[in-house]
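Participant: In case you want the letters, here they are:
Protein chains: 2
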Amino acid sequence: MSTQEQVTNILHEIMHPEINRSLVELGMIKAIVTQNDTVTVTLALPFKEVPIRDELVNSIRETVAKTDSHLKVVVKLAEMNQQERAFFMAASEGGPKRAQSAKQIDHVVAVMSGKGGVGKSSVSALLAVALQRRGKQVGLLDADITGPSIPKMFGLRKPPPAGESGILPVKTRTGIKVMSINLLLQYEEQAVIWRGPLISSAIKQFWGDVLWGSLNYLIVDLPPGTSDASLTIMQSIPLSGVVLVTSPQDLAGMVVCKAAQMARKMKAPILGLIENMSYLHCPECGERIEVFGSSQAMQTATKMGVPLLGQLPLDPELAHYCDTGTIEVYSIEFFQSIADRIDAAVPTNKKTLFF
Amino acid sequence: MSTQEQVTNILHEIMHPEINRSLVELGMIKAIVTQNDTVTVTLALPFKEVPIRDELVNSIRETVAKTDSHLKVVVKLAEMNQQERAFFMAASEGGPKRAQSAKQIDHVVAVMSGKGGVGKSSVSALLAVALQRRGKQVGLLDADITGPSIPKMFGLRKPPPAGESGILPVKTRTGIKVMSINLLLQYEEQAVIWRGPLISSAIKQFWGDVLWGSLNYLIVDLPPGTSDASLTIMQSIPLSGVVLVTSPQDLAGMVVCKAAQMARKMKAPILGLIENMSYLHCPECGERIEVFGSSQAMQTATKMGVPLLGQLPLDPELAHYCDTGTIEVYSIEFFQSIADRIDAAVPTNKKTLFF
Chain A
16 MSTQEQVTNI LHEIMHPEIN RSLVELGMIK AIVTQNDTVT VTLALPFKEV PIRDELVNSI
76 RETVAKTDSH LKVVVKLAEM NQQERAFFMA ASEGGPKRAQ SAKQIDHVVA VMSGKGGVGK
136 SSVSALLAVA LQRRGKQVGL LDADITGPSI PKMFGLRKPP PAGESGILPV KTRTGIKVMS
196 INLLLQYEEQ AVIWRGPLIS SAIKQFWGDV LWGSLNYLIV DLPPGTSDAS LTIMQSIPLS
256 GVVLVTSPQD LAGMVVCKAA QMARKMKAPI LGLIENMSYL HCPECGERIE VFGSSQAMQT
316 ATKMGVPLLG QLPLDPELAH YCDTGTIEVY SIEFFQSIAD RIDAAVPTNK KTLFF
Chain B
16 MSTQEQVTNI LHEIMHPEIN RSLVELGMIK AIVTQNDTVT VTLALPFKEV PIRDELVNSI
76 RETVAKTDSH LKVVVKLAEM NQQERAFFMA ASEGGPKRAQ SAKQIDHVVA VMSGKGGVGK
136 SSVSALLAVA LQRRGKQVGL LDADITGPSI PKMFGLRKPP PAGESGILPV KTRTGIKVMS
196 INLLLQYEEQ AVIWRGPLIS SAIKQFWGDV LWGSLNYLIV DLPPGTSDAS LTIMQSIPLS
256 GVVLVTSPQD LAGMVVCKAA QMARKMKAPI LGLIENMSYL HCPECGERIE VFGSSQAMQT
316 ATKMGVPLLG QLPLDPELAH YCDTGTIEVY SIEFFQSIAD RIDAAVPTNK KTLFF
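Residue numbers (our numbering), protein chains in the order written: chain A, 16 to 370; chain B, 16 to 370.
This is chain A alone, in the form it adopts within the complex (with noise of 0.2 Å):
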């Protein structure tokens, strides 16, 4: 057998050690090339930051090696494509059930809105951070993968660090778990062109794959739209509820009860409407002025038959904090209400979700 062969060979003997198939099959050997006394092996990562690079990297020297120990390995990185993502994503879901250590969910609740920009991630943010100033262990699923803004308003920028048997969320400095697809691109203004399956794929595994732990509150920040995204999420994960958000114009109460809609439909039950961006207090003179036009909120939420959580201002504030990643010494005595309201909302019989 050539040296060529036996290194192919023992290749694919090297798992994966998070999605149990080896990298052979997962399309991650990209090239094997022998030359005199030197074999180089290239290795196509999903993303470059992935955090078990460097374990990948050395499993397979150590590997490679054991066929000659006169061998020199040399282990090249690339970066794989689009389309060669797409098949990993492919590959891997398709693998053996994940060998996970356990993770423990009492609730999962995702923050919905149907048109963009009301505000949706920072009530998914302020949400999370209430729900943890009351002593819950609270994690944040970005589930917006083309737009994701959750890291940025934590001030998060490093990469996720590798489990045992899966990727480890990052913590926030209140100790929040967050996974968002921001924390694995190279830099944070990276497009992310994808269609709706790898989208969905993504989601899957930040569901699946991540060692969430043990949580009490899972928050879900989705995209706008009713499409891929939102459509994945409530197929695949068992929510506690959903909680709506608007803004006052009626625009955006059309758009958020189409979110209504297929709530209703996809079985999610609804916590209730948060109307976001009611008012703004001018900070020369005090006037409130209805920015939006005025609240359409008491209306929206009969129509659609749940409660109103509650109306958040607009302040000027927040859009700072956010944009300093300081989100979390915000002052939000106001949101703790409808905090709370969520919290009692949620079924009282804990769903805890084991894997």
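Fair warning: there could be bad hints in the mix.
One copy or two, either will do: identical chains are not told apart, so a pair holds if it fits within one copy or between any two.
[To be verified] Derived DSS-like pairs (lysine-lysine); straight-line CA-CA distance at most 27 Å:
1. K280 <-> K63
2. K63 <-> K318
3. K173 <-> K318
4. K81 <-> K186
In short, the hints are calculated from the structure, not lab data.
None of the values given here were measured: they were computed from a predicted structure.
Dock chain B against the given chain A, drawing on the hints supplied.
Facilitator: Okay, now just chain B, sitting in the frame of chain A:
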């Protein structure tokens, strides 16, 4: 009739043997040059090595020779660029049923933001209104399938009438032609719970099956994100350019950079950036309030290397006009100069598209 005209006319008769539309309709005749007794026809192929190449060349030669037996016919070959190929693909998908009455569109301009709720739809609508007031013929394609806002802004509710060979767009009070999924729904709050492929095919139909007629501008209002809808528009519609919309938040700036990257990757020219919701004047004391933090527009535009087209205030009146369907009577003097800049920025060689 000049030789040039004769040749152009007769070329309309040559059907693509596989697609059943004429080579002219498919955008395959790139140039016709007549000089003395020689006519040179440039045939653009989607890919250099298409198997029916010779067949096409012969059929052009024979057909053109019919106009005048003394004519020397030269067929030059060219390969389509990405945009021409996208157009070809879109045209060929439509198949024979669309051998419709001509539609002629000079410029397609997509309005994009990445992040939701920064006012993409209002900018699209205002741009359409402003161009219309300058005497242009304008259409407005609402590509936001799960959160469509356009019909409400213009107070449109009637379903689009059927034409002889396709759907007719609905006309606004001032004559802007509009197509949106919400015009096709039984009631406007109906949810459209579709995965990506359905979203894409709806958008393709809005482009291919709607009888837009003769337009100077077709404005496309994209949904947030860089997934299916944006991909489909950029791959299958030949865009004259993209207008990016952002808000003063750092967060929005980050996401609009993702959108810009996508446009670049898809070779869609960026016409410029508009910052929306830049500031608000207190109706009581006139204080200028920076609701979403201080403007980042200039930095963002510079970073992306695109012109800053303008900064728009947050105007509570605008929300009112949008909600009451009367955006056309909103005073938009401040927007007129932006529209003029866009009008000046689109490539001067009209890309009039015939179908």
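Participant: So which of the earlier hints does this model not fit?
Facilitator: Per hint list: single violation, 4.
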